[in-house]
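Protein chains: 2
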Amino acid sequence: MRLKVKKLNFSSGKPTVIIDDETASNLGVRPHERLFLSYKGREVVALVIVAWQIPRDLVLVSDEVVKSISVDEGEVVEVKPALTPKSIRYIRDYLRGAKLGYREIKTIVKDIVEDKISEVELTALVTAAYLRKLSIDEAYYFSLAMVETGERLELDRKPILDKHSIGGVPGDKTSLVAVPIIASLGYTIPKTSSRAITSPAGTADRAEVLMPVTLTLEEMKQVVLKTNGCLVWGGALSIAPADDKIIRVEYPLSIDPFLIPSIMAKKKAVGSTHVIIDIPTGRGAKVKTIGEAHDLAKEMMEVGSKLGMKVTCAITFGEQPIGYAAGPALEAREALLTLMSRGPRDLLDKATSIAGALLETVGIENGKQIALEAVRRGKALSKLKEIIEAQGGDPDVTPDDIKVGEHTYTLYAEQDAIVLWINNKLIANTARLAGAPKDKGAGILLHAKLGDKVKKGDPLLTVYSEYSTKIQAAEKFLEENPPIGLGVPGAEMLIELIHAPKLHERLPIIER
Amino acid sequence: MRLKVKKLNFSSGKPTVIIDDETASNLGVRPHERLFLSYKGREVVALVIVAWQIPRDLVLVSDEVVKSISVDEGEVVEVKPALTPKSIRYIRDYLRGAKLGYREIKTIVKDIVEDKISEVELTALVTAAYLRKLSIDEAYYFSLAMVETGERLELDRKPILDKHSIGGVPGDKTSLVAVPIIASLGYTIPKTSSRAITSPAGTADRAEVLMPVTLTLEEMKQVVLKTNGCLVWGGALSIAPADDKIIRVEYPLSIDPFLIPSIMAKKKAVGSTHVIIDIPTGRGAKVKTIGEAHDLAKEMMEVGSKLGMKVTCAITFGEQPIGYAAGPALEAREALLTLMSRGPRDLLDKATSIAGALLETVGIENGKQIALEAVRRGKALSKLKEIIEAQGGDPDVTPDDIKVGEHTYTLYAEQDAIVLWINNKLIANTARLAGAPKDKGAGILLHAKLGDKVKKGDPLLTVYSEYSTKIQAAEKFLEENPPIGLGVPGAEMLIELIHAPKLHERLPIIER
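Going down the list, the sequences are from chains A and B.
Note that the numbering used here numbers the first sequence so that position 352 is 348, with each residue one more than the last.
Note that the numbering used here numbers the second sequence so that position 500 is 496, with each residue one more than the last.
The hints are simulated quantities; they were obtained by calculation from the structure and are not laboratory data.
Heads up, some of the hints might be wrong.
If chains are identical, the list can't say which one is meant, so a pair holds when it fits in one copy or spans any two.
Derived lysine-lysine pairs resembling DSSO-like cross-links, with alpha carbons at most 27 Å apart [said to hold, decoys possible]: (1) K95 x K129; (2) K451 x K36; (3) K445 x K375; (4) K241 x K82; (5) K82 x K284; (6) K82 x K472.
Using the sequences provided together with the hints, build the complete structure.
What follows is the structure, encoded as structure tokens:
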């Protein structure tokens, strides 16, 4: 069939055409099927969206189609149904219970990267992977295929160390402290991080307060060659690009079946040989129990081993924020203070424990002690400044230089009591309402943490925001959702009465 | 945030807006989330598509948005993130293993009908229902909710009989014969049917050769009140509208977890009290084994019973086409001939067995005999003519009046032998390449069936098409994919050698 081109003048992420219902019926295609378009010997396969009220001789095309076949408004293209890609058959097989092998998974991942798979098909894969659970082999093949379909950092060095947290605890700026420690001791650590999706800040957001983090792979390589380390945003690199597309459908469903391939592929793609995975665990974290943490650790270590990486997992305390700050600027400042030995004890302990354990995997004894020394002697701070300079930031930045939101709201204790609990999710929600992570200066500073004694009138936390409307929204939310629980230990044994059934929401690990 | 409206000038099925990536980030929404748009006190919630290269102050809106808030090109609307609908939470709960109750399922189905659920979310539901399998209760609640969210046929009569085939065998024009039989005996049978999606003809396609089938519910009611029966296209009525939307995502995935709710809802919505379900069974059908047919029958009967319907299931022979004709016009002609007692024996037997069994469920004895009499005495033919007239067709239509494609191609036997197998899927594919069901005159006429002796040079089948290009395509396909197997029984015991693993494709039941 010959159809006249009308340009949509936007890019939808993959070659897409919109045709009228009647035209679709005449062509014998249905929504989510594919059309083969040809124009002057150039060809493209596009996904079909069926709409109504479109002239029947028109095909509306996205920018990707225009680019692929260099066609202009009003030109006539030849259009016919396209064959179903093999990857779709493999996804259907997987739905029906088949085990996927390397060949099938590679084909699927390649087609995900090349945008040949529709969202319906990708969602079916993600949902099925969640319900069926990926086997160790499948997780390994997905990891490998993700690495192979993306860019890779090639460093002529060994060992290459790396660190990753599955996240879920606000204020977890451990990487900002641990990466300079490792690099300052002469080990290579090409650290990539994500931005926040549901939290007040990701490591990339925090680091961006101190330096540019949107680097190319070549720029990242130069920074690592010069300083042994880096703190860059993984999203700007094309390593494991399939993962970004998978996250796009995982997110609205609040599921994360591709967590392990995603993390492992990103570590493998930068050439890591020794990796430590932080699994914050606790009621307010993504992983609730030690048992769950062990299960996850086992799978990550097995998949890592198949990929030729030595993976160690660290179960860490996740029932409250790390340090006192949550939000990009507040956290960057706290990390800097910690490297100046003026930071909170829990952050220093966590960062040096993680760095120390990682050092021990390459044969260093007394890793934690050595990590602590690197902080105390200022070596780690100097290294962070080197990294900041190499990435294009100001190495002379001081904690006082870091601007935080000028609008503030402080919550005070209404009684003399002890802090019994801190709700991570409510802390995160409040910080986000205040503007984090988009507004770098927005966030929360805690004044008390678990077990602290407070007196009536003592400040519990301060919210920072760059805008008065946002501080009001955060204040309103705080009033209705107190994130800090005060009381006398053991005095209130009833946790909750259940009058109507309600499922407990599990937090997916989308920021990875 | 305030954005300027640009109209997309098409209807995408649900309120949809397209915004730039940067605008989405500023609003804090991600693809598949929802935006709340307000304009002069009018409000609408729309699904977000994120694109690139769009001016940041623009929001591109589909016709549904324009209609909802009566907004014009260039006007400014207020835009903010919308809350996640409850139905989405229930779908997420279901993914995580929750059992759904009536309240949750009703909310989900209502939101499906009102287009509040994105395709990603609907796909997750469909995939999860496929992998988890709906329980009898869940299937019942979905059926009930589908009925309640659509139109219903209200007839002040009892009993109301109905018949449905799960399909999968080409040429199955049983309804065209069985419906007039039932109606001619004074019983009410308000039959709705689907059009073909993957087969050469659905009952609606076949019936449309003889009469209009796109009736409103009120028109259908008048036909039934006048003649006791009807043969209308269900897709034009708004009964169980959720099902059409579910099928849209089932189809590209080749899965059909909502088969039972779909069928049962459509029967219940027209008020049926006694239903017979035909389950064609055999290697070339959708249901392969008698055991599988029993499992499906059990579930349908249990769900039917909860809905207050007496459901009977008929397992029928499905290893070859019914009668000799496949394709709308060829089949309509064969059905007409059968009602004139000049049709194929298998079709007459199947139609009278089904009609007879249905009659017996309302207390008639010797149902099959009575059904056969209704055909032999011409009562069923007269009734079909009444129905044709009531629906606006020509009651005087004769088999010779029915036009079939003028382009033909005949396949001949290359040896003296016996017909050992007929491949339903290849028959269907050939007929579709010839133009069926879109071209009513296209299709296949078999000249031999299972067990028939043929001599070298005898015709095996003739393909009919309205276009020479299509007959060529069908001919080419036939040469490469012989749909009829000849040989000597017992002489060739090896069925297949497997050199490379390959999953067997199961046909989903989408036409229902």
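### Hints the structure fails to honour
2, 3
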